[in-house]
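Participant: So the sequence lines, in the order shown, correspond to chains A and B. Position 244, counted from 1, in the first sequence is what this note's numbering calls 587; the numbers after and before it change by one each time, with no gaps. Position 163, counted from 1, in the second sequence is what this note's numbering calls 174; the numbers after and before it change by one each time, with no gaps.
Calculated directly from the structure, the hints in this document are not laboratory data. Backbone N, C-alpha and C define an ideal beta-carbon position, used for all residues, glycine too. One or more hints might be untrue.
Some chain B residues well away from chain A (every beta-carbon gap over 10 Å; in silico) [as the list claims (entries may be wrong)]:
| id | residue |
| --- | --- |
| 1 | Tyr25 |
| 2 | Phe118 |
| 3 | Pro127 |
| 4 | Thr130 |
| 5 | Gly156 |
| 6 | Asp185 |
| 7 | Lys233 |
| 8 | Asp253 |
| 9 | Leu260 |
| 10 | Lys263 |
| 11 | Glu279 |
So, partial list: chain B residues that the calculated Cβ filter (under 10 Å) puts toward chain A [stated by the list, open to error]:
| id | residue |
| --- | --- |
| 12 | Gly43 |
| 13 | Ala140 |
| 14 | Lys159 |
| 15 | Leu184 |
| 16 | Glu187 |
| 17 | Gly188 |
| 18 | Met214 |
| 19 | Ile232 |
| 20 | Asp243 |
| 21 | Thr246 |
| 22 | Leu247 |
| 23 | Lys267 |
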Amino acid sequence: MSNIIEVKNLCYSYDGDAQIVKDAVHNVSFTVKSGEIIGIIGHTGSGKSTLIQHLNGLLKPASGEIIIDGKNIWDEPKKIKDIRFKVGLVFQYPEYQLFEETVFADIAFGPKNMGISGVDLTKRVEDICDIVGIKKEYLYVSPFDLSGGEKRRVAIAGVMAMQPKVLILDEPIAGLDPEGRKEILKMISKYREQFDATVIIVSHNMEDMAVLADRLIVMNEGNLHMYDTVYNVFTKSEELEGIGLSVPLVTKVLTSLKKKNSGIRTDIFTTDDAVEYLCSIAAGGRYA
Amino acid sequence: MDSLIKLNNVDFSYGEDKNFILNNLNLEIERGSFTVVLGRNGSGKSTLAKLMNGLCKPSNDDGVVIVDGIDTKNEKTEIEIRRRVGMVFQNPDNQLVATIVEEDVAFGPENLGLTPQETRKRVDDALKAVGMYRYRKSTPHHLSGGQKQRVAIAGIIAMRPECLILDEPTAMLDPEGRDDVLDIITKFNREDGMTIVLITHFMEEAQFADRVILMSDGEIIKDGKPEEIFSDIKTLEDIGLDVPQTTGLLYKLKEKGIDITTDAISVEETAAKISAALHLEEN
Chain A
344 MSNIIEVKNL CYSYDGDAQI VKDAVHNVSF TVKSGEIIGI IGHTGSGKST
394 LIQHLNGLLK PASGEIIIDG KNIWDEPKKI KDIRFKVGLV FQYPEYQLFE
444 ETVFADIAFG PKNMGISGVD LTKRVEDICD IVGIKKEYLY VSPFDLSGGE
494 KRRVAIAGVM AMQPKVLILD EPIAGLDPEG RKEILKMISK YREQFDATVI
544 IVSHNMEDMA VLADRLIVMN EGNLHMYDTV YNVFTKSEEL EGIGLSVPLV
594 TKVLTSLKKK NSGIRTDIFT TDDAVEYLCS IAAGGRYA
Chain B
12 MDSLIKLNNV DFSYGEDKNF ILNNLNLEIE RGSFTVVLGR NGSGKSTLAK
62 LMNGLCKPSN DDGVVIVDGI DTKNEKTEIE IRRRVGMVFQ NPDNQLVATI
112 VEEDVAFGPE NLGLTPQETR KRVDDALKAV GMYRYRKSTP HHLSGGQKQR
162 VAIAGIIAMR PECLILDEPT AMLDPEGRDD VLDIITKFNR EDGMTIVLIT
212 HFMEEAQFAD RVILMSDGEI IKDGKPEEIF SDIKTLEDIG LDVPQTTGLL
262 YKLKEKGIDI TTDAISVEET AAKISAALHL EEN
């Protein structure tokens, strides 16, 4: 598989309070293969948001390169807008950015900026609503009449309607109730299947990361601290805790069990896997 | 029960809207208690919180909210209510007003008309209580989300309220920031006897509470100890909620035929249940 994203020696810093240097990014390099789901974890101020804003050209590197689909995005600065159609970025709390009179107009805003109009535009909007499960009867109501979770879905659909090859979401489930979280995650999976898209998710929810991601980027103080499979990241619980992060709760339960019985495995990160493992012990199976 | 806040027959709707967000709500919050309110987005949790400190008033004439003996409908006593019941919201960025941390924390006490000396003392105490004293001269927007939220809490604490209502205070925070905020409010409750009402979408945060209230469509549908609430997974799922991941693990083990009870929330309690059920203890 080819690399859809290549980040080479990315450096960036904000000016400001010399006491607290936060959100900077120091010499970060990594590649993402087409179709992967990458999770980005790191405590607040570790540089996650700064990093992702470089991937669609919202921020310009102080030094280093951002290569999307084989092309350095800053080779032709005038065409940077095209990158935003290829790499869709959903900000934190995107529902606060809804502004149009109808759900339709809000979702159509992105594709319209791409020069799509008329029936093609209508089709774009309706297609994405089908895929992500927004009912047609909602299209002509005001987005402000929707619930928080519904507004969030409309806002994300607006980015998806541009059909970006790479979809980046900054804390897409923050502030939602359990049902709302499930709906958003389902919507992201469906989009990915339909468009063979690459997905990058920034999240503090380790449980969801364990279920969803292929690989994890761990940011710490502006550095790329780890970039590895979910397994290789979450088996380093002490290291993660040292930088203010944590492993999924089920892993913590197993770690606590290990204190009682040193034979217990702690390299399990999802509830389903933990249930299977514990049941095999109950059935008289071996621990490992 | 010595109740600090009392809601009687409260209906609420915004403006002239006939769609009531809250319907005939009756609730008492005991002095010194720690209550967690769970419910979906739009279930009326935040409205309930705003009613408790007089930011919202009952829409019906016979609906009454009494805080420490004071009726919130009386506008003259509004300041007395705010003094007693402080509120912390989800987004710390919307709550910080000053350019220096200690000035921000001083905003509340200054408005109470305290002497400069008393204000100074309260600001320092509050910042120390939330572990942000060394950042007192910093600019709030250079702090992390968790730090900002702690400053927002300090600003409320500096007014020395009897009760702290927090509306999803950890929604925007990373795991460390979340733990810090929960540690602080648990400490205020246990050590200072402060009454806490915590509204949250994180089911596991209920482990710190002595009471959990479940809300759905503007009504309280369950009210009990955390273990009682989470022992009824069906009701929770019906209203779009869930059990904590730890409790969920126990449920799934039970479904698989393992002889285990599901009344645990914290990691340690959960591990203890599993250990006992599977006889894992080494000799």
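Participant: Are the hints correct? Go through all of them and say.
Facilitator: Going down the list of hints, with the structure as the test:
no.: 1; hint: Tyr25; in the structure: holds (13 Å)
no.: 2; hint: Phe118; in the structure: holds (21 Å)
no.: 3; hint: Pro127; in the structure: holds (26 Å)
no.: 4; hint: Thr130; in the structure: holds (25 Å)
no.: 5; hint: Gly156; in the structure: violated (4 Å)
no.: 6; hint: Asp185; in the structure: violated (4 Å)
no.: 7; hint: Lys233; in the structure: holds (16 Å)
no.: 8; hint: Asp253; in the structure: violated (4 Å)
no.: 9; hint: Leu260; in the structure: violated (5 Å)
no.: 10; hint: Lys263; in the structure: violated (4 Å)
no.: 11; hint: Glu279; in the structure: violated (6 Å)
no.: 12; hint: Gly43; in the structure: violated (28 Å)
no.: 13; hint: Ala140; in the structure: violated (21 Å)
no.: 14; hint: Lys159; in the structure: holds (9 Å)
no.: 15; hint: Leu184; in the structure: holds (7 Å)
no.: 16; hint: Glu187; in the structure: holds (4 Å)
no.: 17; hint: Gly188; in the structure: holds (6 Å)
no.: 18; hint: Met214; in the structure: holds (7 Å)
no.: 19; hint: Ile232; in the structure: violated (15 Å)
no.: 20; hint: Asp243; in the structure: violated (15 Å)
no.: 21; hint: Thr246; in the structure: violated (13 Å)
no.: 22; hint: Leu247; in the structure: holds (9 Å)
no.: 23; hint: Lys267; in the structure: holds (5 Å)
Consistency note: the structure conflicts with the earlier hints numbered 5, 6, 8, 9, 10, 11, 12, 13, 19, 20, 21.
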